[in-house]
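*Asks:* Please dock the two separately framed chains into a single complex, following the hints provided.
Going down the list, the protein sequences come from chains A and B.
Position 45 of the first sequence, counted from 1, bears residue number 45 in our numbering, the numbering being contiguous throughout.
Position 39 of the second sequence, counted from 1, bears residue number 39 in our numbering, the numbering being contiguous throughout.
To be clear, the hints were calculated from the coordinates, so they are not data collected in a lab.
Treat the hints with care, as some may be off.
With a Cα cut of at most 30 Å, we get these calculated DSBU-like pairs of lysine-lysine [to be verified]:
(1) B:Lys61 / A:Lys40
(2) B:Lys49 / A:Lys44
(3) A:Lys22 / B:Lys49
(4) A:Lys36 / A:Lys22
(5) A:Lys19 / A:Lys52
(6) B:Lys61 / A:Lys36
(7) A:Lys9 / B:Lys68
(8) A:Lys40 / B:Lys49
(9) A:Lys44 / B:Lys68
(10) A:Lys52 / B:Lys49
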Amino acid sequence: DTAVSQTPKYLVTQMGNDKSIKCEQNLGHDTMYWYKQDSKKFLKIMFSYNNKELIINETVPNRFSPKSPDKAHLNLHINSLELGDSAVYFCASSQSPAGYNADTQYFGPGTRLTVL
Amino acid sequence: AQSVTQPDIHITVSEGASLELRCNYSYGATPYLFWYVQSPGQGLQLLLKYFSGDTLVQGIKGFEAEFKRSQSSFNLRKPSVHWSDAAEYFCAVGSNTGNQFYFGTGTSLTVIP
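Bound-form chain B, shown alone (with noise of 0.2 Å):
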């Protein structure tokens, strides 16, 4: 089965630091995995995400992430964090069959002036 694990429940990081938030996830095959954003009150948007190919994936906001496979591990980062980046992150991942997609219970990021 399926699954995402997002170790870290809170992140507060100052305004202009770097930021990683981590993901695990656990699946047989290449999985799809994903970056939503969830502002406050708002739907999620979509980060990023990889599929195949390029391992190290850029996406809107300044955002990357990289996928590795020897540590089932797609993390998120960005260089230097801006205030309007406080928000919720879910990390997801989806089957190549269609019929299964899952969301890690997410990263809630406060940032600090």
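One chain only, chain A, in its complex shape (with noise of 0.2 Å):
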């Protein structure tokens, strides 16, 4: 069983488009994360929910949306997408929110996006 499970695996798409990256945990964990990591492979934290909460929002442009149904999914909507969105994004989960009681993130396999 996967613990952490994003979809799509990879995305191309037009500048301009909207899309959404979906991720599911099924490990009962209450915090989710989103992180972009760049060509350099720098790895930057987005969103971090918490019971359904938003709890870390970190400078990002507001064409990303975070969404979070219940305490198993957070979605990513992405609007008007530029080529500077190409990146990879992953999500990851942790019993609690990240460096609160140390808990370890369990990181699903990433979404490849590139933006033409």
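*Replies:* Spelled out as structure tokens, the structure:
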């Protein structure tokens, strides 16, 4: 059983389109995250939800909107895609917020987004 | 503000040699510190973490790390590297309030036979 899954694995789209990436975890965790990894492997947290409540919201364009319908799901919707949005997006989950109890984050396999 | 620095962008070692990857952090209080590994095309996996107690932490795959408060460091070590250790290694720091978490820029490890 996959602990943290993301769909799709690859996403190729045109500039200006709107797209969504879905994430699901079956670990029973309360906290979920979205990270962006750029071409230089730099990994930056974008959002974090704990019990469906937004707790981390880093400086991210408002074209990016996370949605957490329940604790097991955290989706990422991106409006008006730009070339600079091309990256690998990772979803992760942990029992409690990152660093709060030094809880381990479990990462999904990533979604490679390419904007043409 | 918290920050994490990994001074070495890329390291190459011979198989069987020892390894040390450097990590320095900036945080006002006692941080929670982590090392994650990312194999090519994969997500990240936790190697080990420090949050209190013994400053020498043992992890998976034969890795260990030592927290040195005086040097603001949390360096990762392995006595004998295997070819399968070739990967990207990330140090990370979290706040004990739970609302901040930062990864370093990563160190790419190449292992030569």
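*Asks:* Would you list, in rising numerical order, the hints stated earlier that this structure does not obey?
*Replies:* 7
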